[in-house]
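These are the residues of each chain, in order.
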Amino acid sequence: MPSMNPGPSTLTQSGGFDVYATYEKVLKNEELSVPLAAILTLVELIEASRAGTMFELVKELNDGAETLKKRLSNPISLNAGCELFIAFVTLFPHDSDSFAGLKTELVQQGKRYAAEGLTYRKKIAELCLGFIKDDSVILTHSYSRVVVQTLVRAHQQKRISVYVTEARPHSLGTKTYEALTAAGIPCTVVLDSAVAYVMEKVDMVLVGSEAIVESGGLINAVGSNQIAIIAKSANKPFYALAESFKFHRLFPLSQYDLPSHKPDILSFRHPKWRQSRTGLSEQPNKADSQTAGSPALGRGAQTTAPTSITQEEIFQCNPDVDYTRPDLISLVFSDVGSLTPEGVSQYLVGMFAG
Amino acid sequence: MSTESMSMSSQRLVDNLAYKLKRRQVVGSRAAALETLLVLRQVVSKARFSNIDQLVDIIRGAGRKLVEAQPKEYAVGNTIRKVLHHIREEYQTATGGVPSTSRTSFSISKFLVQGQPRKQAVAVQSEDRPLLKENDPDDPDSFAKGLKPVLMEAIQDVLDELETVYDNVSKNAKDHIHSDEIILTLGMSRTVEAFLKSAAHHRKYTVIVVESAPSYGGHEMAKSLSAAGISTFLVPDSSIFAVMSRVNKVIIGAHAILANGGMFAVTGSQLAATAARAHSTPVVVCAGQFKFTPMWNLYHEYAALDFGDPSAVLGFEEGDLVDKVDVVNPYYDYVQPELIDVYITNYGDHPPSAIYRLIKETYYDEDNELDSSTTAPESSKS
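Going down the list, the sequences are from chains A and B.
FYI, the numbering for the first sequence is 1 to 354, going by my numbering.
FYI, the numbering for the second sequence is 355 to 736, going by my numbering.
No lab work stands behind these hints: they were computed from the structure.
Keep in mind that a hint or two might mislead.
Subject to a maximum C-alpha distance of 30 Å in a straight line, what follows is the list of computed DSSO-like cross-link-like pairs (lysine-lysine) [as the list claims (entries may be wrong)]:
(1) LYS714(B) - LYS111(A)
(2) LYS122(A) - LYS464(B)
(3) LYS464(B) - LYS28(A)
(4) LYS123(A) - LYS419(B)
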């Protein structure tokens, strides 16, 4: 299969199998969330694999997951899916006659789970229904399929109106707005900076998630944390919606512990240092691509007008996701039930400990 | 369907208790739990069924009737859920697990919910399965005959637990109350009464009892405690905040403990807990685990929406006023989990955040709603 960057790292030992291309192909199915896509990719890897022992197979899976991880700027929910599946493969109680039989069994399990996983949003929507009261005003953040589905479900039975944040930099809030308006739900887009302004009018906050971590905290599109803090100070419930395959064995203590954090995110550029650099390399500010080889240096050097900054630059040095502490979250709704944030760790310990 | 298979006499028993609950002749969570259990024992012993689903339906049918009769006595529903849980467990050990092959029953979703596989893998196969056969066409009662003795034992276990609940809660009372401490308690709770008396065998301490108007359960409590030789003060509700600065610990009872770790408790509890928070005084709740309720306090944030007779607050002797004002007399407060430090139960001490997990262990998820119409798609799945 042709790939954008056919280096040796993208190819696993099983010959021509390209994990990343497979992942992109799988992800074309709009309904699949990232962890499920990751599982399906690994399933295809097993199918293509020529491994003859469990050890080899697990090694190939780990390598494949590693390759995928390196290609994504934000590998968090991908990791959740990969780790779940690899742990499952390792612990699968096999009494198959042959190794090939075991592989087919694993492939079937993976596919069955992916199909089952698609029904979880419906389950969560039903679960949430009892918590949404008639005539309530709900604030949501960015775009999440499970949140949209939940709101549409609630709309069938109850009068709800929804504020959705714009959620810069990707402005996915407008996508939520379109989906909800199409469903006939009264909806308004709120600037990220106006969340505190609108909070007084809100009855509850409902957000989706990239991952729910072991502390019970939430990783989600950047801005979730500040919404949770504002909701807490206004005494409004903050609910996170997450399918159980988004539970992730990670214990971040701060924003900077997230795997998506890179040193150049929100780093300071010293004005003096920049001037001296721009003196050295007199380039027009379009020369972005040429200096991309060393991002930290390059970005310092690229601006000829040191006192201004472009939108593009702002987006580049800002985070995509943030971490919300568990004490700010009222409940986590998932297909395994409505959990207190602490309840999440129980499942992770059950799968990964011991 | 469930009513058909329930015999006339059990039907009458269920109706009888339902009326008693409706008229509030049975009040208090332990009394309600005990009565429910006795009725359930009769229902199960008389029930005719040839597979587990029929039995569960019968119990659910009876349970639904009782819960509808008095939805605010949460212990009724809890007892039914607990019995259902025990029955399912007994059934599983008797038949050797779900009748399917061990290998295919394991899946990623099961892995997620139940954790690593070694536990389930062991139990299967060792049991002598032919003993209990469901839906036997020759003898439809054989399944019931085989299962009933163990079911009766299971129900007896629940009964024993209820009967020993006060002793077990107050088992470690002396570790929670130290000499010369001042304890504040509220209204009349049998659990707290037993707890305080048990501690009094080992320690000398003082109790401040809040009278808790308009039921004035505090009077009875104060009488009982002072009779047991505990130095007791009786104060009006209005002085809770004022005395709180001298109090070392607040020990109160609960009506129902909810899945989020909050609780419904006699009115005034919220006041005492908030006052305790303002003084950083620990709040200890004594309750049996039969009060664990798989429910969230959804909308009514600050009260259990259960109202008593308003004449206790404003009687008809105040005829002129009665026309002009609305009088409410709520039975229970909702106390948020953040205000509670620890629950002392008959199975040990737990922080509010652990309640959720204990509830998951105590009841089956599919029994949380006893209404079969909502759980029908759920149960067909499993």
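To see whether the hints hold, each was checked on the structure:
no., hint, verdict
1, LYS714(B) - LYS111(A), "holds, 29 Å"
2, LYS122(A) - LYS464(B), "holds, 19 Å"
3, LYS464(B) - LYS28(A), "holds, 27 Å"
4, LYS123(A) - LYS419(B), "holds, 28 Å"
In summary, the structure agrees with every hint in the numbered list given earlier.
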